[in-house]
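Student: Quick note, in numbering that gives the first Met the number 0, the sequence shown goes up one by one and the last residue is 111.
The hints are simulated quantities; they were obtained by calculation from the structure and are not laboratory data. Heads up, some of the hints might be wrong.
Stated by the list, open to error - In silico SDA-like links for lysine to any residue, alpha-carbon gap of 20 Å or less:
{"no.": "1", "residue 1": "Lys-10", "residue 2": "Leu-51"}
{"no.": "2", "residue 1": "Lys-13", "residue 2": "Ala-49"}
{"no.": "3", "residue 1": "Lys-58", "residue 2": "Gln-35"}
{"no.": "4", "residue 1": "Lys-58", "residue 2": "Leu-100"}
{"no.": "5", "residue 1": "Lys-94", "residue 2": "Ala-55"}
{"no.": "6", "residue 1": "Lys-97", "residue 2": "Gln-83"}
{"no.": "7", "residue 1": "Lys-13", "residue 2": "Tyr-61"}
{"no.": "8", "residue 1": "Lys-10", "residue 2": "Gln-35"}
{"no.": "9", "residue 1": "Lys-10", "residue 2": "Leu-100"}
{"no.": "10", "residue 1": "Lys-97", "residue 2": "Glu-23"}
{"no.": "11", "residue 1": "Lys-13", "residue 2": "Ala-32"}
{"no.": "12", "residue 1": "Lys-10", "residue 2": "Tyr-22"}
{"no.": "13", "residue 1": "Lys-10", "residue 2": "Ala-32"}
Computed from a predicted model, the values in this text were never measured in an experiment.
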Amino acid sequence: MEEKAKRRAPKPVKAVEINKVRYEIASRLKTRAFGQDGGVITAVDTATGAELWTIAVYKTLYDAKEERDVQEVYITSMVPSGDQQSLIIENEAHKSYKLNLATQEVVEITGK
Numbered sequence: 000m001e002e003k004a005k006r007r008a009p010k011p012v013k014a015v016e017i018n019k020v021r022y023e024i025a026s027r028l029k030t031r032a033f034g035q036d037g038g039v040i041t042a043v044d045t046a047t048g049a050e051l052w053t054i055a056v057y058k059t060l061y062d063a064k065e066e067r068d069v070q071e072v073y074i075t076s077m078v079p080s081g082d083q084q085s086l087i088i089e090n091e092a093h094k095s096y097k098l099n100l101a102t103q104e105v106v107e108i109t110g111k
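Please build the complete structure, drawing on both the sequences and the hints.
Tutor: This is how it looks when you write it as structure tokens:
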């Protein structure tokens, strides 16, 4: 008997557009080499639709004894900083991160 996922799909998070670049939650990560389904942001040129870069904001650690899908940690909000030089990102674990849009440097700013 096939075991079914024990969690619902994450709620959609609205993309953020700054200076003709759209920052959105990355999709189809199972076909890419990220090793996780949540916590990944993509920058897209709004004029061309070209992907500029994709980054894992945080690493999800998995327990091999548990189902992977129930261990995923998804982004719940993404807002521009006041100076629009960074994104402030929060996840389901109530951890917050600051992603510098010029350097793609990520700094955890809160957490448990």
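Student: Would the hint linking Lys-58 and Leu-100 be met if the CA-CA limit is 20 Å?
Tutor: holds, 19 Å
Student: Holds or violated: are the alpha carbons of Lys-94 and Ala-55 at most 20 Å from each other?
Tutor: Status holds; Cα separation ~14 Å.
Student: Within a Cα-Cα threshold of 20 Å, do Lys-10 and Tyr-22 meet the stated pairing?
Tutor: holds, 17 Å
Student: Are Lys-97 and Glu-23 close enough, with their CA atoms no more than 20 Å apart?
Tutor: The hint holds at about 15 Å.
Student: Need the status of pair Lys-97, Gln-83: alpha-carbon distance at most 20 Å?
Tutor: Measuring from Cα to Cα gives roughly 11 Å; hence the hint holds.
Student: If you draw a straight line from the CA of Lys-13 to the CA of Ala-32, is it 20 Å or shorter?
Tutor: The hint is violated at about 24 Å.
Student: Would the hint linking Lys-13 and Ala-49 be met if the CA-CA limit is 20 Å?
Tutor: With Cα atoms ~19 Å apart, Lys-13 and Ala-49 stay inside 20 Å; holds.
Student: Verify the proposed pairing of Lys-10 with Gln-35, using a straight-line Cα cut of 20 Å.
Tutor: Holds: Lys-10 and Gln-35 sit about 17 Å apart, inside 20 Å.
Student: Could you grab the alpha-carbon distance between Lys-10 and Ala-32 and see if it respects the 20 Å cut-off?
Tutor: violated, 23 Å
Student: Could you grab the alpha-carbon distance between Lys-10 and Leu-51 and see if it respects the 20 Å cut-off?
Tutor: Since the Cα atoms of Lys-10 and Leu-51 sit roughly 25 Å apart, the hinted pair is violated (cutoff 20 Å).
Student: Please work out if Lys-58 and Gln-35 have their alpha carbons no farther apart than 20 Å.
Tutor: holds, 8 Å
Student: Can the restraint linking Lys-10 and Leu-100 be considered satisfied, given a maximum Cα separation of 20 Å?
Tutor: Since the Cα atoms of Lys-10 and Leu-100 sit roughly 24 Å apart, the hinted pair is violated (cutoff 20 Å).
The structure does not agree with the numbered hints 1, 7, 9, 11, 13 stated previously, though it agrees with the rest.
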